[in-house]
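Trainee: Sequence:
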Amino acid sequence: MFIREKIKKVNGGKSYIQHQLIESIRTPSGPRQQIVLNLGQLSLPEEKWKTLANCIEGFLANQKTLFPQDPEIEAKARHYASQIRQERLDRAQERITGGESAGEEPAQYEHVNINSLITNDAKTVGAEHVAISQMNEYGFDKILQGLDFTDDQIAYSKMLIVGRMVHPGSERDTVRWLSETSGAGELLDSGVKLYDKALHRAAVLLWENHAAIEQELSKRAREIFSLKETVILYDLTNTYFEGSKRGSKMARRYKSKESRNDCPLITLSLTVDEEGFPKQSKVFEGNVSEPGTLKDILEGLKKEDGMFSNDRTIVMDAGVATEENIALIRKSGYKYVVVSRKKSFEDTFWPETDEEKIMLSDGKTTLGMKLVRTEEEAFLLCHSEAKEAKEAKEKSILSLKEQRFEEALSAIKEGLEKPKRQKKYDTIIERIGRLKERYKVGNLYTIKVEQTDGKATDIKFKKNAQAQAKEEAIGTYVLRTNRLDLSGEEISKLHRSLSTVEESFKTMKGNLGLRPNFHHTDTPTIAHVHVTVLAYHILAGILKKLRTAGVHYNWNTIRNILATHIRVTTTMNTKDGCVIDVRTCTAPTEKQHTIYNKLQIKHTPLGRKNIKSPMKTQRCSAEK
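Under my numbering, residues 901 to 1524 are what the sequence shown spells out, in order.
Don't take each hint at face value.
The list that follows gives simulated cross-link-like pairs (lysine-lysine, DSS-like), each with its CA atoms no further than 30 Å apart [claimed, not checked]:
1) Lys1295 - Lys1393
2) Lys1264 - Lys1243
3) Lys1324 - Lys1355
4) Lys1243 - Lys1231
5) Lys1406 - Lys1202
6) Lys1182 - Lys1231
7) Lys1323 - Lys1301
8) Lys1409 - Lys1195
9) Lys1243 - Lys1348
10) Lys1409 - Lys1293
11) Lys1502 - Lys1512
12) Lys1498 - Lys1042
13) Lys1491 - Lys1502
Derived by calculation from the structure, the hints in this document are not laboratory data. Owing to the predicted nature of the structure, the values given are computational and were not obtained by experimental measurement.
Given these sequences and hints, build the entire structure.
Mentor: Set out below in structure tokens:
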């Protein structure tokens, strides 16, 4: 083998240099040269080309060198030899291995040197196999074809989503993972060239068509899993960015769900059904008013003809449940279960009977309830031990603020009786205002400053009714609904199903790469978010199958279990002077076997491929 340089001209008179690995072969017409591999443009000096070619040939022949090679040349040679070996294996006839049809293969024997045996080009295929199988069941290719995606765009889109599910990262990191670590390229059998800009463009294209794609994925999930879709869970979350995001109009500073108020945010709204299957999503500015987002979501639901059954109930938290939004839900023909924004009710509103108590799913926590029905709505007063325990810390912080606020007021009051202390009425009022701003509890007190001739003489303060109501409300909340047919326990159960959408957000942030988001401008930023949402569409189907089969692993656990299922090439020398390359998947472990069985997919993602080549430079055809 040898390397030659070729200058290629393109339109516009420009030219570029390409290096090719060449081998000489014998043909009936005499010796001929053929291209083994296009090497791109080499940075090595010309005097090292022959050394590189010899080193590549040595790796292909599985021969050991007597003398150590230049590390740079050896690394390049190993890389190019792996590419050549993979191309030859790609042309080889695939043989199904594993339990499916192993018994149909005839016996095949070779005399090999076991000391020459090496394994190389190991790629993970387990989690990729699960993700791609679910995409195929949803008919993801057909969905994108219906939106006029090209074959290459479909391949890049699937790689992007599989990457987000198995190895979340930036497009650049995804390209590295696909090239060096993952067998997703073999599983998809696309042959596209991997580079990060192609994945960037695929992400934007997916976002531009996200509404249609989500609608079709939701439709396929409903058909496959016979989803009832009688409950619509709606909630919002936000995600933060470490950088300044100066090039973004969407990223705004606001109250972060993860207490990162120092960072710019964007907001994601998500609609899911009671099984956790996503229906639609939308990205808003980071400082968007939560109540203002519902109108867009309801309009989106109306466009989904036949998406939900006639008996539809929207479940929302207090952040969205304004009176205007509740009226909008009624007008749209939906039922609702929401957390009431009204914190205090008249004592006579609730019955004097004891609370009805139910045991929650954890088997440890109880929930106390009092139900009141009016002509149009039902109200459920809930007292949660779990919520009370969670709010105990907040209560202690509040008590500390109140204590320090009262001490500061008392210090100002004592100063009114001492000489050379500030007593001017306007100044005292200003100082009290600053205390309110500092401790954030001034609204819980009634404060009266007495004065004579413009000088403050006394300060009187006490806690007001709002403070008492806030303390009494620790661990309690009120649900309201127009579902008068439901019992208190049923109303509470519907509200607690909001944990499903909260779990969805947790999964997207923790396992599907919603954050970090490395983009600076709005279009790629939003596209990144929607790739994560599409990944969650696929994941929801996987988790549903496993739950139904009694397997309750989260996605991170599943990925870890499947991480050791790999595809590898085994190379060995034979007695008759040839090299055999065998590309195959490792046998699945017991846990991997269980997951594949529950998902009803093949245990062996790809069949075995063999090639046998003489150690000399002629290229052999695939072994039949």
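Trainee: State for each hint whether it applies.
Mentor: Checked hints:
| no. | hint | result |
| --- | --- | --- |
| 1 | Lys1295 - Lys1393 | 27 Å, holds |
| 2 | Lys1264 - Lys1243 | 27 Å, holds |
| 3 | Lys1324 - Lys1355 | 5 Å, holds |
| 4 | Lys1243 - Lys1231 | 25 Å, holds |
| 5 | Lys1406 - Lys1202 | 28 Å, holds |
| 6 | Lys1182 - Lys1231 | 22 Å, holds |
| 7 | Lys1323 - Lys1301 | 25 Å, holds |
| 8 | Lys1409 - Lys1195 | 25 Å, holds |
| 9 | Lys1243 - Lys1348 | 26 Å, holds |
| 10 | Lys1409 - Lys1293 | 26 Å, holds |
| 11 | Lys1502 - Lys1512 | 27 Å, holds |
| 12 | Lys1498 - Lys1042 | 25 Å, holds |
| 13 | Lys1491 - Lys1502 | 14 Å, holds |
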